[in-house]
Structure formats: structure tokens, C-alpha cells
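Residue numbers (this note's numbering), protein chains in the order written: chain P, 1014 to 1648; chain U, 27 to 510.
Rather than coming from a laboratory, the hints here were simulated on the basis of the structure. Note that the structure is predicted; figures quoted are calculated from it, not measured. Glycine residues also receive a C-beta, built at the ideal position from the N, C-alpha and C atoms. Each statement offered as a hint is correct.
Derived CB-CB ranges, DEER-like:
#1 U/SER320 to P/ASN1222: 51 to 61 Å
#2 P/GLU1123 to U/GLY503: 54 to 64 Å
#3 P/THR1059 to U/GLY503: 46 to 56 Å
#4 U/GLU375 to P/GLU1123: 30 to 40 Å
#5 U/GLY503 to P/ILE1033: 36 to 46 Å
#6 P/LEU1555 to U/SER320: 50 to 60 Å
#7 P/VAL1600 to U/LEU475: 37 to 47 Å
#8 U/ILE40 to P/LEU1042: 49 to 59 Å
#9 P/TYR1577 to U/SER320: 18 to 28 Å
#10 U/ALA81 to P/TYR1041: 44 to 54 Å
#11 P/ILE1486 to U/VAL478: 43 to 53 Å
Heads up, simulated DSS-like pairs for lysine-lysine below, C-alpha to C-alpha not over 30 Å straight-line:
#12 P/LYS1044 to U/LYS465
#13 P/LYS1044 to U/LYS452
#14 U/LYS465 to P/LYS1126
#15 U/LYS458 to P/LYS1583
#16 U/LYS452 to P/LYS1583
#17 U/LYS458 to P/LYS1044
#18 P/LYS1126 to U/LYS452
#19 P/LYS1077 to U/LYS500
#20 P/LYS1583 to U/LYS324
Where chain P lies over chain U, by a calculated footprint (3+ residues, C-beta under 8 Å):
#21 341-348
#22 382-393
#23 405-414
#24 424-433
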Amino acid sequence: MTTIDLLVYITVGAPLLGFIINGLFGRYLGKLPGWIATLMLAVSATSGGYLAYQALFNHLHVSKDIYTWVSVGNLHIPVGYLIDPLTGVMLFVVTFVSLWIHLYSIGYMEHDKGYWRYFAYLNMFVFFMLLLVLGNNFLMTFVGWEGVGLASYLLIGFWYFNDAPRQAGMKAFVVNRIGDAGFLLGMFLIFTLFGSLKYEEVFNAVLQNKEVMALFIALAGVLFFVAATGKSAQIPLYVWLPDAMEGPTPVSALIHAATMVTAGVYLVARASAIYSSVVDVPVVFGLSAPLLVALVGALTAFFAASMALVNNDLKRILAFSTVSQLGYMFAAAGMLGYAAAVFHLYTHAFFKALLFLTAGSVMHAMHDVLDIQRMGGLWKKLPWTGLFMLIGGLALAAIPPFSGFFSKDEILVAVEKNPLIFWLLVVTALMTAFYTFRMFFMVFLGKPRDQHLYEHAHESPPIMLIPMGILAIGAIVAGFVGIGGENSLWAKMLHGTFVFPEHAAHGEHSSFPMIAGLTAGVVGIALAYLMYVLFWPSVPVLMARIFKPIYVVLYNRYWVDEIYDALIVKPLYGISRWILFVGVDRVLIDGTVNALAWVSYGFGAFFRKLQTGNVRTYAVWLLLGALVLIGVLAL
Amino acid sequence: MLSLVIFFPLVAAIPLFFFRPEWRRTYWVYGTFVTLLELLFSIALLMGFDFSRAAEFQFVERYVFFGLQNAPYYVGIDGLALILILLTTFLTFLGIVSSYNYIKEKVQAYVITMLLLETAMIGVFASLNVIQFFIFWEAQLIPMFVLIALWGHENRVYAAFKFLIYTAVGSVPMLAAIIWIYLNYGTFDYPTLLQTLPKAAVDIQKLLFLAFSVGFMIKVPMFPFHTWLPDAHVEAPTAGSVILAGILLKMGTFGFLRYSLPLFPDGFEAYRGLIAILAIIGIIYGGLMAWVQSDMKKLVAYSSVAHMGFAMLGIASGNPIGIQGAVLVMISHGLTTGALFFLVGMLYERRHTRLIRDYSGIANRVPNLSTFFVFMALASIGLPGLSGFVGEFLTMIGAYRANPVWGYLAVPGVVVAAIYMLSLVKRVVFGKLDPESAKMPDVSFREALILVSLAIFVIWIGVYPMPFLNFTDKVAGILVNLLH
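Extracted from the complex, chain U is given alone in its bound form (with noise of 0.2 Å):
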């Protein structure tokens, strides 16, 4: 069943490559329905999934493939893993359906491309196996590489590269890591090194730690391993921001919670004062520089930098009230910044521009547009009863219980938050209507469908935040155990 999940968009690319070239309309028809048939997969894994165990790892699957009986097919997944591959599923197809108009050129290349991706980040979230872990972890590179190149604006090689280095220069450290403990555990299974590797030493403890964690960090990204980021983001198609912040982002975080912390808790009790630092740093400066950014999309990724700051710091508060909180700033971010990147979209679609001084009033005359960019901007700086506060409040509780400077440190980033967030607001949604915006249409059914879709599931996370909790409640306490 896991498999099916993991494999089913690759499998489903496949027939692709035989469709020709004119047949335009297939391709979406297709590729919505393969993600839309993905997304249901996923639910039918929520659906079997025992809640009550969540902490162990469900739906596992080991087979030997080729005689590598060191390195055998290894999949499964606990509450964390779940509700990132059902966030994924959905952002995906969420993505196909808004690329429709978006995307005018190499129609097939593009859904192949998306559904490579989507295998690629589940077997990520799913793997046991730490070096078939690694392998999709490298493997999700080349197709959002591709999105960039082929896809991307004026800038697209620099930021394409610049996307590809960083992650690949953050990925050698985790080989070798990877390699050294093969050679020294004789395995990569994930569950057996779960009970050997935190008795290791302490010194190698906090080499291995530094090993996995500095491709994380580049992945997060936290400050100062983050340029990458806006240029990445200003570049990529809508789709491919909404995937690339949705979820490749939290790749990074997920790193910590499923290999750093858990295997080397030694070297993250050494490393965890310097992360939140970083994080906060995060916070505080990426939202300054979502401030003073003039490119919409800049200023969105910088406020990624921001959020994803947050879930690092309730990761480093080492206990539960900080570690559900991060896996809530993950979902809520993906969410709201995923809305935040469509509308951005939209708007690009209808004016050809990200420049925030190209807009003004765009209220006077796409109403509902402007509802939902307000909605989600609102939701994206934590306004208590949607999504994004819950993760927050709860990251920086967890912080000021681990230490009440980190608190002190943190809060002002929720007022950073407002500044760059509302300044963006007053300029492009309220003010007098700009003369070039004066014939955009409002949103359309289908744009209406995505943004009202993401708009559930911010107002129930905000007002009900427990069935999401639920997910990683288990896994949380296992974690802080495995501190103390």
C-alpha cells in the first residue's frame, strides 16, 4: 500500500512519455487525475492508519532487492511522516490544477516533471532506510531543478544552480556520514540504528550530528545557509514555489526530527543553544528582509526563512510543547504560504509582474482576490483562530520553557510579521486602484476551488488544532525521551 503510494506517480508518468505532443488538454485531464487518485492513496493511508500507535512505524515494507541484503527496499511511517506525505499529495495536486494557465510550453515535460517530484519528496518521508533516503533526497533535486530551469523567468540558470549547489554541497557531509556509519553499524536500517547510534560517544555524536544537519540547515533554510531561497522562489513557477516552500522546506525540518535529534541526541543537546539562536535569527532577520524587499515573491520567501525559523526553535526547545508546535508551523506554513505563492501567481498570471509598486487598490477591483490575499496574509503572521497561530504560540511556549531568553528573543517576530506582512497589504490590496490593474478579472472558479480548499483547512487548524496535533503527539514524546 505504501509502495503504491510512494511509486504510483512514477509508474503513472510512464504513459506520458507516448502521448504527443499536441494533445495539450490530455495532459492536464491526466495529470489531474493521477494526483487527484494520489491524494486519495494518501487518504486511504490515514484511513488505516492505528492513531494509537503513532509513534511506530506503520505499513512497513522490506524486501531484498539484487542480493543487497545490507541494503534492502525499506518503507514506513509514523504520525510525522504521514501528515507531511498528506500535505504533499495535496499540495501537488493542487499544483497541477493551478498550472493549467500558467503553464503554456512543454505541457508534458511539466506534469512528468511534477510527478517524478512527488515520488521523489513521499520516499523521502517514507523511507527506513538511510540511504535510500538519501537517494530520493538527491533524487528530488533533478526535477525541481528542471522546474526552475525550464520554467523559470529571466534568471532561471543562476537560481537554478544556485538551488542545486547549495543542496548538493549540503548533501556530501550526510554521504559521508551515511557511509561511515555503514561501515562502522554494518546496516542502514533506521530502526536498528535508532537503538545503536545515540549510545555512541558523545565527540562522534557531534560530528555525525553536524554531518546530517548541515544539508538540513541548507534545506530549511536556516540563516545564513538561506539565499538560495529567493532566488529559487522568484524564479520557479507558481507550482513549483508552492512545492518547493510547501514541502521541500520542511524536508529540511523533518531531517532534524527523523535523523538528527532522534539518532544523535548527544550532539543535538551540544548544537541545540547554537540552532536557536539561528532560528531566531531567522525570525527576527528574515522578516526584516521580507520587509524590504520590492519583488512579491522575494518578500513571501523571506517570510518563509521567518516561519520556517519558528519550527526550528521548537525543535531546539527539546520538548513536546515545542516539537508539535514546529510540525504545526510546518503544516500551517505550507498551507498559507502555498496560498500566498498562488495568489502571487494569480496575480502574475493576469499582470506579468511581481514588483509590489506596479500594484496598488487591487481591492477596487478584484474583491475576492483581495479577500483571500488578506485571509492568508492574516493567517501567515499568526492571527490567533488560523492556522498560523497555533504552531507559533506553541513553538515559542516551548522556547521560553527551554530557556525564557529565547522567548523574550522570539516574540519580536511577531511584530516583525505584521510590518512586512500588512506593508505588503496596504500597498498591492488597499490604496487607489492602479491604472494597468483596472481590467484583471476576479478569481475564477477554479482559483476560487484551490484557495477555498487551503482556506479550510486554515480556519479548522486554527480553531481545532487537536486532530492534527494528534498526529505526532506520540512521536513527540518519543523524541524528548530520547533526550533525557
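Extracted from the complex, chain P is given alone in its bound form (with noise of 0.2 Å):
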């Protein structure tokens, strides 16, 4: 064993022994589970750590199997990992960013009677977070993948005893294993095509054959993409992570913002080698496959983005929000700007890690409440809570020099060949901005709009605060590896980890679209000052009056959710029900079955006139079949 393995299996194997121990005995361990839980994380994030350095400033790339899983015919899976630049960074940000929320959830969940299902629930988030990044080929990562899903299914469901998070959890994962569906249907399409589901075996394989069997790579992509639209929550199936916003905040954070919803960026980065191979190949609406995946993310941010612009829902707020910045990196993993996808999502974890943790402090203060029409003037009761809030907020809105700043520069460099692309994502950022601040100024400055909360509010404790200060620093100067474009500390990270076509122009790197983002951030804030600050609430009121239809769409979500319920749900089970069921079940086979069984106890009772019931008769039939029998036994 290398030390390599050694600290594979620490990293992987703390957060499994903290899950082990807190889910059998975590119960009759009072306060201990979480302290448990956050030092396995620490263990784990420390080896993680240092993994992650080596991959990243040492060019450490191991591909290793440690035991097969399965092994039959020609199908080999091995269980075994990857550790490359990508797997770095992902290793980085999963361990970095649980370790300080695991911390924060101690003070959080503090008083709450589940407090040991919760840590081991976290956990075992962490173990398959880990499996999924780190895996060597898909299975693995598919085992990563549900297996985050069934966490985050119990986390959203963690207040079972309620109606609400039942239902979420449920539905979380329901709509998850649409996209599961797509994964598993890309599995089995690249193995019949390559005979090897391991990634540099099908990776290299791609590249030899991306001529001849361009159609299915590009088929493959495609399906690749379906998963990431279910647990990346992209549309069609983003409507599970709004609802997801019923479990605890730190879960919200850690789960829904930070780490497992950018699993399907991971995906498609690690597969570059099947959409940079197939770029000019169209597949769905004429459109290829890294283009499907850049214009669904461009859409999907800008749609998402539109819905939280009108929202009073601090967490829904946010959920939006995430969605929204998923779709950015989209865009760009589809324009085939992998590094700036990656880029945004390691600067993304930070910020809207710290902006969920600073939500989760603002409901701890409220009282559980969540609208942000009931709060205002909070700086003055929660000034750090207030002050990490607008780190995280300006890092969102992208504004130098906050992290968020280099990342959003970098994808809209990235997409600018394509004006349509380009400008959702610009005018994105705009509403960005505004709903950013919209938040921020509704619930921290202006008067107190519930003065019996107002007074009961309180900062968080330490426990709490230590963790966003934390991710508070990380928001602010996580992006600096990014200066400089092409010369920057970010792109000799990854230099060599992402494939691209062998003619993929260089193009200058103008300062226009910099330009575009920066003053789409800044109109976007000053927008929210003039209405949500100077001129609340007339003017919101008033906007709200003359753009009713769009603000009563926007409201409502685009009635999405009830759509998909009223034109899938519902005929779905009614057809199961009555057609199929009644129909199908209960009237065609059994009454065929239940017809046969009379017609033939008709005729029985027909035959049975015509015997005797006599003994002796039975008797007679009984030895014919009895010689029949021996007769042809014995020939």
C-alpha cells in the first residue's frame, strides 16, 4: 500500500467511520455525534487536503483498482480511484466546505431531538461526495451519485414528522432518478461502445474513435447531460431544488449550494473528452451536444434567476439562485470553457455556502422565519451576520474583488463567441445582482417590518460565526488564483486536465466582456438601493402594479411544478389506477381467469351428471391412469 492509498482511505474512510459510529451509538452519545462528525471531517479534510495540493502543485495523477467489484463476461467494473487536478479541486472544496459547516451545524442544530441522526445523515453525505469525485471510472461515480442522493433525500426529509419536508424528500428524489435514468442509459451505451466503463480507458478510447462513432459519443453526451439536469437541478428537472429548502439550512448549504448539486458540472468536466470530440456533431433539435448543454445552462440561469427576482423566501431566494449559477457553469462546460466552469464552481461553493450559513443565523435569529417582508434593520442586532451576508452577496453580484468577480468573468470570456449565450448570461448577472440585494437590503437595512421579532432577534454564537468567518475569507480572495486569464495560478492548475478540439481558437482576451458583467453587477445593486432602500415601498409596490402579468408569472413560478403535475402526475396515476389497475388487472385478466375457472366448473358439473358417483367408477379410473402410466414408464 502507498501512502497515496493510505490517505485515499483515510480521507474516504473518516467520514464512513463517523456515519458508523453516530448512526449505531450516536443516539446514547448526548452532545458527543457531532463533535464525532466534525472530527472525522477534519481528519478527512486534512488528508483530502493534501491530496488535493499534491494534484494540483505536484501534477500527482494516480489512477489505481483496489479490489473488482464485478467481473463478468467481458463487463470488468474495478473499484478504485483517480486522482487528477479536477478530482483536486472537487476534493478541496467538498472537504474544505464541510468541515466548517459540520462545525456551524453543532451550534445549529443544537437543540434539535434528531441531532445525532443528523450527523451521521452529514456524514454520510461526505463518504459518498467523496466516492463520486473520486472514483476512477463511472460506476463509481454513479454509486457517489445516488448515494448523495439518498442523503440528500433523508437530510430534506429530516423533519419527517412534517408534511412539507416528507413531500420535498420524496420528490427530490424521484425527479433525481429521471436524470439516474440518463446515467445509467449512458453507462450502458459507452460500455457496449468501448467494453470499459473505467475513465481512461473510455476517455482514451473516445479519441481514437470520435470519427467513426461520433454519433453515439455525441448520443452519450447527451444522456451524460440528462443525469447532470437532475442532480445539477437544470431544466427540465430543477423543480426539486427550490423544495429541497425544507431541510435544515447547513444541508441547504452544504448539499443544495455547495457540493452535490454541482455534481453534473463534475460529470460533464470529466467527460470533456466526449463533447470537445463532438462539437460539430448535431444530435437533439440540430443542435450538438456541448451546445445543448451550454444553451440549457444559459436558459436554465436565466429563468431561475427571474423567479427569485420577485421571491420573499430567504432559503427559496438562494435555492433560485443556485440554480442559476449551475446554469452559468453549464454554459460554459458547453462552450467548452471547462476550467472557467470549475473555476465557478470552487468560488461558488464559498459564497453561496457563506450566504445560506448567514440565512440559516438570520432564521436562528427570527425564529425560524423565512420572509423577508417581515424583516428589515437586522444590521443593527446581527452586524456580523450582516457583514459576512454582504461579502457573500457581493461575491455573487460579482464585484471586484470579491471571488465571484473572476469566475463570471471568466465563463462570460468563455461564452462570448455566442451572442445569445452572452447576453442572457449578462442580463443574468443583472438580475443577479438586484435579487442579491434586494435580500440583503430588505433584511438588514430600512426599519424593522415585525417589531416583535425585531426585538427577539440576537447574533448567532461563536460556533457560527467562526465558520462563515471562515468561508467569509474564502469568498473574498478564493478567486485571486484567477488573475491574469491564461497566465493566472488557476489555468496552470489545470493545465492539461481538460480535453479540447485539436482547433480550438485562442481567442483575445478582450476586456468587453468584463465590462458587460461588471456594470451589469453594479446597475443590478443600484437598482435594488433605489427600490428596496429609497423608495421602499412605493416604488416595488408600484413596479409590481404596472408589470402585474409578468409579476404574477414570475410569482408563481411560471406554474411549472403545477404543469408538470397536472399534465404528468395526475394522468400518470390516474391511468395506472382506472386503466390500468381496474381495467387491465381486475377486468381483463382476472374476469378472463374467473370466466375460464366457471366455464370449466360448468362443465365439470355437466360431467359429474353423467357419473355415477359411484366408488367403484373412480376406482376404474383410477387404475387406467395408474397403467398408463407404468406403461410408459416402462417402455
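Make one complex out of these two single chains by using the hints.
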């Protein structure tokens, strides 16, 4: 066993151990489970951080099989790990952000009855997330993929005794399963084409066969993107994420903002060989697979941001924002800006986790009220939380020198070639800045709108403030590695990780995207300031009245949930219940069976009349039967 | 040795006739002891089994009785039979252990019936003589019929007869085919027939394939022959349901792998597409049916239709991946569906209702039982890392290789599975605690033992399935060679 093996085992094993200990004995351990789980994460983050460092700065690149999971016919699937710069980034993000959110949770969940259960699930989540990013083949990634889905399901439904969480948990799992079906089909196709599911073998084979098998490779790209739209909440499967906010807020920060939902982006970036090979191959509606990814991403970014504009629920605003930001990442990845996509994934993990944690802190202070219309003026009561939300908000609005500025700029540069996507994202940037600061101003500035709540508000304890502080520092400095465009530290670290088409054009790094993005951000914030600080509430009310149709549509989130329910869920249930179950099963099949039974019963009754009921007759029949049987056997 | 495993339960049942009816505890102790011993015997088989020759029949015994030269007593097992015998002895043992509180009347008859059933089931898997196989196949009907008819619920007579008639009707063509084969080939010996029958003309093979397979299709059960299953399950006592789902259904898929496919490869080739389509309909249709049920046992019963659809799809794919996946689906289904029937039985013992709407939020009251419930539900719907996934994945990938369209049609089954199973969990386990459930006790030590022993295998298969795949890798290889 090499040192690297050992470090991988420790990184993955520590959260698993924490899950087992807390899962089996947590209920007897009082307040210990939180500390056990956090300790395990500290161990995991240390060794995982070291591995990430090696991968990013010392070019550590290993793919190693540990044991054979399945070997059947020509299907050989190992359990093994792959460490390269992409894994390095994910390892660092996952373990680092998880660690601080674990610590925060000790304070946040202190009085919850399910304290031990919460930490067991949280450790389980990290375990599966690490499988997802460390696996050296599609199947292991899939194991982690569904495993994090399980953790997400359990944590969304954490307060299972209430109705909304149990509904939301199930919705998340089922919608994700639709995406997972795409993942499965993608794997089947890849295996059928190349006889392997190992990343290195598959991607080499893709590059060698990209002319002959172009259409199939493109189809695989589409199927894996279907999977990504589930896990990473893109159109048309994004609907589970806003509901997922029923879970505890640190869970929203960790799973539904920083890590799990980025798995789809990871998958697309990991499969860059697939997407880059089929840039010119139209598959769906005449679009190539990468262009489809980019368009869906950009549309999702725009669409989700528009719903965040008018929402009044603190966590839902952030949820729509997450959907929207994930859309940015896909837009970049689809335009072959993999490094930019992963860069945004990395900065987003810090500032969005931070924003959720500050939201949790606000909820803590406001007795779980989420309606921003009942807040206001909280800066005086929660100065640290306010400061941290301001930092996170500036990063999200992409204002320099905060981290989001650098990564969003990289994305806009990556998509500049396509005017539609570019302008969609620029307008989205404006909306992003607007809804972010609408939220911030409504919560922290102005006058308290609910005096009673306001008076009872109190700042969170240090155990919650410290993790927010760390993430706030991250939200400020994380972007600096991207300074310098193609010569930046980020570009050097990820050099050679992604595959590009041979004739990829290296466009000039013009400053236009930066100017456009920055303008959008500043204008958005300014608009929010005008509407929600200077002229509140007259202008917002006036605007809602003038643009009433648009406002109603946005406020009701385009009725997408209702449409899905009316067009898919209800008809499917109705058909199953009335046509299939009652019609086919009961009437058609059972009816036929029962009818046959009655007919034969009738025949039987008829023949019985012919018979005497005499015992001797039966004896004769019995004898005849026996004779026939013996005759047959004796032949 | 093999005969000992087959007939030990039968022989051990004889002294029970002389027990006095009031010795209720003794019956359970005796039954537990016998089935445990039987489990150990079957493990001895496993120990003595040579895995390097897993496709050949081992522990072969062949005796001629009553001068019937052409119909000897002939048994032997390969890897496929062995793993199914192990599953049988394991589930029968758990079935007896689980029945202490559930069965309150006619305990003597109950234990005897279970033991007879065990012999019949093992006999089915171990027979190498076609008519002897048929006798065990029919013999197994009677104890199962008795289990449903004597210890069943309200509608037990209808269900028992439906079960009996459906299965009996299915076996008539099989008997005819067996007699025809004997008249034309002069032997019942399976190994001999394996050499000669595949060379028969295609049309004959097609007919014989159909004659054998109708009975197997009913047993599996495949759409549209499945409607006996929900009724039988709902009426059967817990252990009856466990055995029914865990073992009896596997006799159908086993029949395909042992008889229909290798004896009539051209017939199989001809009907493969039809079987695959029926299997896919079973997957989707069974899942949708499970979704709309209001009775927990019916829900699990319909989910069996879906799971066995995956097994049949794997067999229809006709490649080693699909076939081995099918065997793994069979094993995993035995464990997880067995566990779900145990769990539903535990709830029934406590509340005397199986209706989903009578339960809500039991996690508030019985967290351990709920944890097992959610765990087994997830294992059943194929969560990676647990047993259900491996088989489903292999059968689907095998099907995709055989015909990509089958893959695309079957995959929605995993979404439907999540819908029906999670909606069951959502309604029963989660939510506000219903007042009637507020006094339920959590799992007892004995119940926990049953569930944990199943859970160990569920995790083992999910994380490291190779030891289980090794039972059938050579068998699958031979089957596939027969097809080409």
C-alpha cells in the first residue's frame, strides 16, 4: 500500500467511520455526535487537502484499482480511485466546506431532537460525495451519485413528522432518479461502444474513435447531461431544488448549494473528452451535445434568476440563485470553458455556502421566519451576520475583488463567441445583483417590519460565526488564483486536465465581457438600492402593479410545478389506477381467468351428472391412469 | 449428502405427528432446530462444492428403485442450484423463527407444512430427472396451498384455489411435453437430454419450449399471468409470503435457466423477443400497479412482478452479463422482498391491518423498525451499494447489449420503482404519528436478528458481489455457448 492509497482510505474512511459510529451509537452519546462527525471531517479534510495539494501543485496523477466490484463476461468494473487536478479541486472544496459546515451545525442543530441522526447523515453524505469525485470509473461515480441523493433525501426529509419535508424529500429523490436513468443509459452505451467504464480507457477510446462513432459519442454526451440536469437542477428537472429548502439550512448550504448539486458540472467536466469530440455533430434539434449543454445552462440561469426576483422566501431566493449559478457553469462547460466552469464551481461553493449559513443565522435570530417582508433593520442586531451576507452578496453579484467577479468573468469570456448565450448571461448577471441586494436590503437595512421579531433577534454564537468568517475569507480571496486569464495560477493548476478539439481557437482576451459583467452587477445593485432602500415600499408596489402580468407569472414560478402535476403525475396515476389496475388487471385478466374457471366448473358439473358417483367408477379411472403411467415408464 | 439435504426436513417432520398438541413451545423449538440444522447441512454442501467445476453437477446420486430403469432417482447440483438451495434453507429458517407469535393455531400442522415445503423446494432445484423434477414441482403446490388456506386471512380460500389452479394449469403442458420427450428419446435423465434435445428440429423445439415455459411464466410470474400473485400474497401468512416471494417465484426463473433455455435453445432464440417484451411490460406495469395499491402486501407483491421482470429480461438477453444479473436479481429479491414481507408482517402483528392509510409516521414511535423499513425499501429499488442494484444493473446492461431498445424501455422502471416504494415510505414511515400506532413496540431482539441477518447479505452483495457471482459464472458461460 502506497502513501497515496493510505491517504485516500483515510479521506474516504473517516466520514464513513463517523457515519457508522453515530448511526449505531449516536443516540446514546448526547452532544458528542456533532464533535465526532466534525473530528472525522477534520481528519478527512487534512488528508484530502494534502492530496488536493499534491494533485494541483505537484502534478500527482494516479488511477488505481483497489478491488474488482464486478467481473462478468467482458464487463470488468473495479473499485478504484483517480486523482488528477479536477479531483483535487473537488476534494478540496468538498472536505473544506463540509468541515466548516459541520462545525456550524453543532451550534445550529444544538436543540434538535434528531441531533445524532443529523450528523450521521451528514457524514454519510460526505462519504458518498467523496466516492463520487474520487471514483476512477463511471460506475463508482454513479454509486456516489445516488448515494449523495440518498443523503439529500434523508436530510431534506429530516423533519419527517411534518408534511412539507416528507413530500419534498420524495420529490427530490424521484426527480433525481429521472436524471439517473440517463446516467444508466449513458453507461450502457459507453460500455457497449468501448467495453469499459473506466475513465481513462473510455476517454482514450473516445478520442481514437471520434470520427467513426461520432453520433453515438454525442448521444452519450446527451445522456450524461440528462443525468446532470437532475442532480444539478437544470431545466427541465430543476423543480426539486426549491422544495429541498425544507431541510435544515446547513444542509442547504452544503448539499444543495456547495457540493452535491455541482456533481453534474463535475460529470460534464470529467467527460470533456466526450463533449469536445462532438462539437460539430448535431444530435438534438440540430444542436451538438456541448451546445445543448450550454444553451440549457444559459436558459436555466436566466429563467431561475427571474423567479428569484420576486420571491420573498429567504432560502428560496438562494435556491433559485443556486439553480441560476449552476446554469452559468453549464453554459461555460458547454462552450468548452471547462476550467471556467470548475472555477465558478469552486468560488460559488464558498460564497453560496456562506450566504446560506448567514440565512441560517438570520432564521436562528428570527425564530425560523423566512419571509423577508417581515425582516428589516437587522444590521444593528446581527452585525457579523450582516457583514458576512454583504460579503457573500458582493461575491454573488460579481463585484471585484470578491471571488465571484473573477469566475463570472471567466465564464463570460468563455461564452463570448455565442452572442445569445453571452447576452442571456449578462442580463442574468444584472438580475443576480438585483435579487441578491433586494434580499440583503430587505433583511438588514430599512426599518424593522415586524417589531416583535426584531426585538427578540440575537446574534449567533461563535461556533456559528467562526465558520461563516472562514467562508467569508474564502469568498473574498478564492478568486485571486484566477487573476491573469490564461497565465493565471488556476490555468496552470488545471493545465492538461481537460480535452479540447484540436483546432480550438484561442481568442483574444478582450476586456468587453468584464465591462459588461461589471456594469450589470453595479446597475443591479443600484436598482435594488433605489427600489428597496430609497423608495421602499412605493416603487416596488408600483412596479408590481405596472408589470402585473409578468409579476404574477414570476411569483407563481411560471406554474411549472402545477403543469408537471397536471400533465404528468395526475394522468399517470389515473391511467395506472383506473385503466391498468381496474381495467386490465381486474376486469380483463382476472375476468378471463374467473370466466375460464366458471366455464370449466360448468363442464365439471355437467360431466359429474353423467357420472354415477359410484366409488367403483373412480377406482376404474384411477387404475386406468396408473396403467398408462406405468406403461409409459416401462417402455 | 445431497439426499440428506433434500429429505432431512421431510424425515424430521415425521416425529411431529406424535407430539401432543398442547406442547406448543416444543413445536417451535423443534422446528427451529431442524431448519437450523438443515441450513448447516446446506452450508456443508457449500463447503464441499468445487467452484472450479461450478457448471458441472456435483454431489450426484443416482439410484434405481422398483426396477424403473428409465426413471431413476437422480439428483445433483451446479452453482445455480446450490445458491438457490442456500437461499431456501436460509429463508425457511428465518420463516420459522418469525412465526412464533404470528401463528397461534394448528402449530403442529404449520411446522409440518413448512418442513414438507422445504423438501419439495430443494427437490425442485436438485433434480436431474425430468419427471422427478415435475413431481417435486407439483409437490410443492400442496404445502403452499395449505399454508394459504389454513393460516390465511379473510379471502384465503379464493386465493388458495387461484394459486393452485393457475399453477396446475401451467404444469399440464409441461407434463405432456415431458411424456412426449420420454416417448421419443427414451429417457428422463437431464444430462442425457441436454446432449440430445438441443439437436431437435426448430419447430419441435419451439413447441416444447412453449410447453415448458408456460408453467414457468406463471410461476415467475410474467405479465399477463401474474394476477394470482397479489391475492396469494395478501392471504398468505408472513412466512408463506416470504417463501412464496423468496423461493417459489425463483423456481420459475430457475426453470427457464435449467430447462427452457438449455434444452430448447432454438425455441428460446425464437421466443426471446417476446419474453423480453413481456419482461419489460412486467417491469413498468408491475411498478405502476404497485404505486396504486392501498394494501402494503399487494404493493410488495406487485413490486415482485417488476423485479422478476428484471430477472426475465436478463435471461432473455442471452449473454453472460444478463444471465448472471438475473441470478443476482433472484437472490437479492429473495432477501429484500423477504425482508419487506417480514416487516409488513411485524406491522400486521402489532396493528392487525395492512392498509397503508391506517399508518402514518411510525418513525416517531418505532425508529428501529422504521430504519429497517427504509433500508430494505432502498435496497429493493436498487440503490447502489446495496444488493438490488447489482442485479438490476447487470440485467439492464445485458439487455442493452442484446438490443438497445430493450435497455431504453426498461430503464424507466428504476424511476417507477422509486415512485412506488418512496411513496409507501412517505405515507407509512414519515408524517405525523397516527394515534393507533402510538403504542406499538419497536422491534424485538428476535425480529432484529432476522432483519440484521438479511441486511448483512444485502450490504455484502452490494459492496462485493463477486463471491455471489462466482456461483454462476461458469453456468452462464455454458448457457450462452448453447445459444450460439
